Amino acid sequence: MVKTLERNLDGRELFASILVWSAAALVTATFCWFLGDIIWHGLSQISWTFLTAPPRNAGREGGIGPILVSTALILGVCLAVSLPIGVGTAVLLAEFTTDASLFGRLTRRSLDVLSGVPSIVFGLFGNAVFCKMLGLGFSILSGGLTLACMVLPILIRSTEEGFRAVPAGYRLSAAALGLSRTTTLFHLLLPAAVPGLLVGLVLGVGRATAETAALIFTSGYVDRMPESLLDSGRALSIHIFDLSMNVSGGDANAYASALVLVAFLLLINGTASWLAEHWLHRRIVTI
Amino acid sequence: MRPSTPAEGTQPWAPLDKNPARYVPKPFIEVEQLSLHYGQKPAFHDVTVSINKGCITALVGPSGCGKTSFLTSLNRLTDLIPGCRVSGRIRLDGLDLLAPNTDVIRLRRRIGMIFQKPNPFPLSIRKNLEFPLREHGLRDREQIAITIETVLRDVGLWDEVKDRLNAPALALSGGQQQRLCMARALALSPEALLMDEPCSALDPLSSGVVEDLIVGLRNHYTILIVTHNLAQARRIADYAALFWVQNGSGQLIETGTAKQIFEKPRDPLTAAYVSGMRG
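Order-wise, the sequence lines are chains S and P.
Sequential numbering of the first sequence, starting at 21, is according to the numbering used here.
Sequential numbering of the second sequence, starting at 667, is according to the numbering used here.
Hint data in this document are derived by calculation from the structure and do not stem from the laboratory.
None of these values were measured; they are calculated from a predicted model.
The beta carbon of each residue, even a glycine, is placed where N, CA and C say it ideally should be.
Some clues are possibly wrong.
If you want the footprint, here are the derived chain P segments under chain S, 3+ residues with CB under 8 Å [claimed, not checked]:
no.: 1; stretch: 742–751
no.: 2; stretch: 774–784
no.: 3; stretch: 795–803
no.: 4; stretch: 844–852
Covered stretches of chain S, as calculated for chain P (at least 3 residues, CB under 8 Å) [claimed, not checked]:
no.: 5; stretch: 185–191
no.: 6; stretch: 195–208
Start from the sequences, fold in the hints, and give me the full structure.
What follows is the structure, given as structure tokens:
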């Protein structure tokens, strides 16, 4: 009797293990398959010339030099706008409002809704507001500002989590030592919240770099080297989209571009987790 | 003798005098009909007590009777808690402590606090002491170095850490961290120290070291200590106060000299508590 019960339990445990393991294996396999596919088709194209040369023949030949520059500029505009606003809002939400206050509830609810809005809607919004209303036209500036709107909810939420993860003891002991809230914020809370900020930054940069729909309507298609922020510029993801959907015979370069994009994202991810891990330690030593 | 406020003395960070002249007990903190509510829930009500200067006063009683809340109302740390209401009167050397225009920053410099769990900042040992000093306006590097050494000697930590002042404070042991926190509080030359079960998170050996340290601070500082360790209260305290929960709210049952509270308690609750029959 006891033996059969044990065997039954064993059977069920085995079944559960197989289920869990195969789910995990499926996820990993999908990732490896698609990464392998991109590397397999794209790696042979990658060279210094590819990374620096301008595209020729609608992108079938040549490289992605101007496209990388445009992407970097769009990303730069996006971060320059979203970082200060994001960190400021996160500080306000986490340190100066209570969960129950109307302001806090309203802001959080808006952020949740914003983060669920499809990117195509952000694209149309950016086109209407930045390109038309503010007269910035199809430009890197419009694209960057639109991406900033998209990235803000992610950035604010995870920075806020970063602040909330700081032990309450820091705030109490700082207050008990007669330190002002501003001092406490800049010297203790902000450094301690950096890991959360970095996570938000990675997710944000990841989303911004991979974004296509929002940029089609705002930063445009032009694959020339941009001369100012008011020039139109083609982002990497749009280049991939264009090569694979609109240009016959562009697959090889599309693969190579995709490989560059994926490598960049992996690099950002790795750097951020490394930074988050070593930040506290380095701070103690260098201060 | 150690000057009682930083403003009076020319050398506020002089080392502790080993045999200080004993203060004549006189009230330093006077509390009148103090009540505290978290939202609608009362933590304690109608507490009237006066804390004598230069003495160690132990607050004892079972958990949840408002001892810690009482302690945090004395340096207005209660301001940080949303929905916390304090009513009544607290006077610190004549200063109305609960008045809205009281300079809280200055008040917290005069009344230091040690928490139950050692809570050094995630900085180096040196930075932990230097950072609050700088924030309170001490810029002279030499003076800062002297202060750091003095307070670390006062808490008996100097010989243990003098070669690694730049090491992270969180790498110290629990007892060392707690002594660092005491040094951090002492560096600001407070007049009073509030201690919320400073030994309860420490092992017996470290606890003994910290306890000896507290005894050494007697006469230099007015000390209020919350403790669950009755034997410790009996060993170190000059005065004792017993808190108890009655009708869902903390109350002060009895105050007196430690000797009287532990040997001749007047209230039957106190008698039962100190003899270990209740609580």
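So, going through the hints one by one against the coordinates:
Counting residues of the stretch 742–751 of chain P whose CB falls under 8 Å from any CB of chain S gives 3; the rule of at least 3 is met. Only residues whose beta carbon comes within less than 8 Å of a beta carbon in chain S count, and the stretch 774–784 of chain P has 6; three or more means the coverage holds. Using a Cβ-Cβ cut-off of 8 Å, 4 residues of the stretch 795–803 of chain P lie near chain S, which meets the minimum of three, so the contact claim holds. Counting residues of the stretch 844–852 of chain P whose beta carbon lies closer than 8 Å to any beta carbon of chain S gives 3, which reaches the threshold of three, so the coverage claim holds.
For the stretch 185–191 of chain S, the stated coverage by chain P is satisfied: 4 residues place a CB nearer than 8 Å to a CB of that chain, which reaches the threshold of 3. By the rule of at least three residues with a Cβ nearer than 8 Å to a Cβ of chain P, the coverage given for the stretch 195–208 of chain S holds, with 9 such residues.
In this structure, none of the earlier numbered hints is contradicted; all agree with it.
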